[in-house]
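Engineer: Chain by chain, the residues run as shown.
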Amino acid sequence: MITVGIDIGSITTKIAMMENKKLVYTDLSLSGYDMTAAWKTIYEKMLQKTGRNETAVDAIVSTGYGRANVKIATRQITEISCHAAGARHFFPDVKAVIDIGGQDSKCIKMDDRGDVVDFVMNDKCAAGTGRFLEVMARALHVEIGDFAVMSKKAKKPVTISSMCTVFAESEVISMIATGESRENIIAGIHDSIASRMVSMMNRTGIEKPVVMTGGVSKNSGMRSAIEKRFGVKLGVPDEAQVCGAIGAAILASR
Amino acid sequence: MKKFAYYDTGHEFPEEIVMAAGFTPYKILGDVNAPNDPADRYIHHYICPFSRSCLTEGMAKSHEWVGIAFCHGCDTTNNQYDIWKRHVKTDFLYWINTPAKNDATAMTYHEHELRRFIAHLETHFKVTVTDDKLKAAIQTSNRIKRLMRELSALRATKDISNTSYHDLTRKCVQMEKNEVIAELEAARERWRNQPPFPPDRIPVLLTGSDITYGAVMEILEAARLRAVRDDLSLGERYFAETIDETIDPVKALVAYHTRIPQPPTRIPFERRLEFLKKCLWETPVSGVVYQILKFCEPHGLDLPFMTGELKKTGKKVIVIEREYTPTMDQQLVSRLESFREIL
Ligand code: SF4
Numbered sequence: 045m046i047t048v049g050i051d052i053g054s055i056t057t058k059i060a061m062m063e064n065k066k067l068v069y070t071d072l073s074l075s076g077y078d079m080t081a082a083w084k085t086i087y088e089k090m091l092q093k094t095g096r097n098e099t100a101v102d103a104i105v106s107t108g109y110g111r112a113n114v115k116i117a118t119r120q121i122t123e124i125s126c127h128a129a130g131a132r133h134f135f136p137d138v139k140a141v142i143d144i145g146g147q148d149s150k151c152i153k154m155d156d157r158g159d160v161v162d163f164v165m166n167d168k169c170a171a172g173t174g175r176f177l178e179v180m181a182r183a184l185h186v187e188i189g190d191f192a193v194m195s196k197k198a199k200k201p202v203t204i205s206s207m208c209t210v211f212a213e214s215e216v217i218s219m220i221a222t223g224e225s226r227e228n229i230i231a232g233i234h235d236s237i238a239s240r241m242v243s244m245m246n247r248t249g250i251e252k253p254v255v256m257t258g259g260v261s262k263n264s265g266m267r268s269a270i271e272k273r274f275g276v277k278l279g280v281p282d283e284a285q286v287c288g289a290i291g292a293a294i295l296a297s298r
Numbered sequence: 458m459k460k461f462a463y464y465d466t467g468h469e470f471p472e473e474i475v476m477a478a479g480f481t482p483y484k485i486l487g488d489v490n491a492p493n494d495p496a497d498r499y500i501h502h503y504i505c506p507f508s509r510s511c512l513t514e515g516m517a518k519s520h521e522w523v524g525i526a527f528c529h530g531c532d533t534t535n536n537q538y539d540i541w542k543r544h545v546k547t548d549f550l551y552w553i554n555t556p557a558k559n560d561a562t563a564m565t566y567h568e569h570e571l572r573r574f575i576a577h578l579e580t581h582f583k584v585t586v587t588d589d590k591l592k593a594a595i596q597t598s599n600r601i602k603r604l605m606r607e608l609s610a611l612r613a614t615k616d617i618s619n620t621s622y623h624d625l626t627r628k629c630v631q632m633e634k635n636e637v638i639a640e641l642e643a644a645r646e647r648w649r650n651q652p653p654f655p656p657d658r659i660p661v662l663l664t665g666s667d668i669t670y671g672a673v674m675e676i677l678e679a680a681r682l683r684a685v686r687d688d689l690s691l692g693e694r695y696f697a698e699t700i701d702e703t704i705d706p707v708k709a710l711v712a713y714h715t716r717i718p719q720p721p722t723r724i725p726f727e728r729r730l731e732f733l734k735k736c737l738w739e740t741p742v743s744g745v746v747y748q749i750l751k752f753c754e755p756h757g758l759d760l761p762f763m764t765g766e767l768k769k770t771g772k773k774v775i776v777i778e779r780e781y782t783p784t785m786d787q788q789l790v791s792r793l794e795s796f797r798e799i800l
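Chains A and B, in that order, are what the protein sequence lines are.
Note that my numbering has the first sequence beginning at 45, numbered continuously upward.
Note that my numbering has the second sequence beginning at 458, numbered continuously upward.
Do not rely on the hints blindly, as some may be mistaken.
[To be verified] Computed spacing ranges between beta-carbons, pair by pair: (1) A/S214 <-> B/K558: 38 to 48 Å; (2) A/S214 <-> B/T620: 33 to 43 Å; (3) B/G757 <-> A/I250: 46 to 56 Å; (4) B/Y503 <-> A/E224: 21 to 31 Å; (5) A/R119 <-> B/T620: 22 to 32 Å; (6) A/S214 <-> B/A643: 47 to 57 Å; (7) A/D190 <-> B/P656: 51 to 61 Å; (8) B/L800 <-> A/P136: 22 to 32 Å; (9) B/G757 <-> A/E224: 56 to 66 Å; (10) A/V161 <-> B/P725: 26 to 36 Å; (11) A/K65 <-> B/I724: 54 to 64 Å; (12) A/D78 <-> B/P656: 51 to 61 Å.
Hint data in this document are derived by calculation from the structure and do not stem from the laboratory.
For glycine and all other residues, C-beta sits at the position ideal for the given N, C-alpha and C.
Based on the provided sequences and hints, a complete structural model is requested.
Structural biologist: This is the structure we're talking about:
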C-alpha cells in the first residue's frame, strides 16, 4: 500500500511517502503565497523521483495550516494527530512531543497506545515560535543556522523578560546597544523559548520520553536549553522537520 | 419605549428595575465590526478590546438612550466610569456597586445599592417604581428566562446552530421585552421541528470570556463543535435561574443574583466551578471549550484553577485565546479541529 502525507505549514510544505509502512521518500519546499502550487510542485517531483504513477497512490492525508488546499486528499487531519503519529514512527515509546513550528508551537501528550490525550498550543502571538527566532536573527544580523554554535559560546546568557516578539526585539536591540555579546543574547533567546515551552508543557503534564519535532529541533542550542529546563533528554527524529507529513502518510493507511 | 443602556460585564444589572421605571433595558455590547479608534484615544490598547468597543458605542449612540448605568463587573470596566463621565454625553450616568461576595453582609449592601438606584431613577426621570411594577417586570423577565431554558435544552437534541442560539441571547438583552417573548415563542416552534442533533457534530460545554459577537460561534461551527451548555452572560447565566415572585421584589433580585451561575468577577471561584460541573453531570458533552478574549483579566486569573479542576472530572478541555475580530480565525478553527480529533 502506498500512502502520502502532505503537511502545508505557514513557512514550509513537507511531503512523505510510505510504502507498506516503510518510509520511502521525503521532501520539503517553501510554502510561499500560493500553497496549492507549493504542494503540487513537490508532489509531482515525488512521483518523478520515486518513479510512481499517481494511480499507484492509495491514500493521501493533508495536514498543517494549509491542508484544505490539497483537493486530492482522501482525508484532512490536523497537525496535532500527525505530529504524534510521526514521532511514534521514530520513537515507539514516545509519551510527549514538542514541536516548534513557524507560527505556532505545541506540546502533545500521548497515551501508551500512541493516542493523543491532550495538547497545548502557544497563545495567539509569535513568542516561542520559529518566527520569534527569525525576528531575533534579523535583529542580531546572524544567520539562524549559526544560532546553535554561537549560543554554545555564551559566557553568561542574558535574561529576555519580554514575552512579546515586538518588545523582545527592542529588548535585544537595547542589549546590542549596551555592548552585550551576541552569543550571550542568543543563549538568552533560547532560554526564553525553553521557559515558555516548559510552562506550556506543565499545562498538560510532562511524561517521558519526550520527542522534539519541527525545524527548530535542528538547533542544538535550542534543544539543550529545553533539555536543561525540562531535565529530560529529547529524542529528535532524523526527519524531524518532515515528521508531520510522515505522520499524515501513516494515518492515511488507517 | 425609550431605551436605558447598561454596561455590565456579567449579568449583574437589575433589568427589572429599569423595566418598572418604564424603559427598555439595553445591554451595551460594542460592535466588533466598528474600529475602536475613538475609544483608543482614551483607553490604552492593551486594555480589553471589548470594553473599548463598548466605549466607542457609548460615544456614538448615547443620544439614543435616556441614561446609562454601570455595574461593578470587572476591574477593567468599573474603572472606566470616570472615562465615560468625561467622554460620553448623557444626562444620567449611574454606578451600581454590585458586590463581589454572596454573604449576608454583601446581600444587605446590595439591597441598599438597588434601593438607592431606584431612588435616583425616580428623582431624575420623575417616575415611581412601585412594588407592583417591579413584580410585573419580574414576571416578564421570568417568562423570558423560562422560554430560553426550553430553547437552550433543545441544543442538545436538535440541529440548532451555535449562531442561532447566540442571536437569541443577544436579543434578550437588547430588544423590547414583549418583542423578545414573541421572538422566543416563534423560535421555539421552529426549533422543535428542527432535525435531530447531527451525527457529525460534537457536543461541548462552552465557557470563558463572554461572547458578544457571532464570529466566535461560527468558529466553533466550522470545527463542527456544538455548544450545548454554557455559563456565559449572553447564555445560561442570564436564564438558568428565575426570580422569586412571592417575596419583596428588591430582596428577590438580590437573592437571584446570588443563585445565578457566577461570573469570574465574583468570589469564591468554586461557585463558578459548581455550575460548570453541574452542566457536565446533567448533559452529555464530549469536552469543554474554554475560550478567553485577549487581555480579559478576570478569565486570565480564573483559567489555571478552573481548567485544572475541569480536567479532574475526566473531560478533555481546550483553552483558546481569541482576538476581538469579526473575521473567522482559521488558526482557531484548526486548533478546535485538533481538539475534536482527540475527543
Ligand atoms: S472580556 Fe473580560 S476584561 Fe473584557 S469586559 Fe469582559 S470580563 Fe472584563
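Engineer: Are the hints correct? Go through all of them and say.
Structural biologist: Hint check results:
1. A/S214 <-> B/K558: 38 to 48 Å: 43 Å, holds
2. A/S214 <-> B/T620: 33 to 43 Å: 41 Å, holds
3. B/G757 <-> A/I250: 46 to 56 Å: Since the Cβ atoms of B/G757 and A/I250 sit about 23 Å apart, the hinted range of 46 to 56 Å is violated.
4. B/Y503 <-> A/E224: 21 to 31 Å: 27 Å, holds
5. A/R119 <-> B/T620: 22 to 32 Å: 27 Å, holds
6. A/S214 <-> B/A643: 47 to 57 Å: 56 Å, holds
7. A/D190 <-> B/P656: 51 to 61 Å: 53 Å, holds
8. B/L800 <-> A/P136: 22 to 32 Å: Hint holds: Cβ distance 25 Å, inside 22 to 32 Å.
9. B/G757 <-> A/E224: 56 to 66 Å: The hinted range 56 to 66 Å is violated for B/G757 and A/E224, with Cβ atoms some 32 Å apart.
10. A/V161 <-> B/P725: 26 to 36 Å: 30 Å, holds
11. A/K65 <-> B/I724: 54 to 64 Å: 56 Å, holds
12. A/D78 <-> B/P656: 51 to 61 Å: 36 Å, violated
Consistency note: the structure conflicts with the earlier hints numbered 3, 9, 12.
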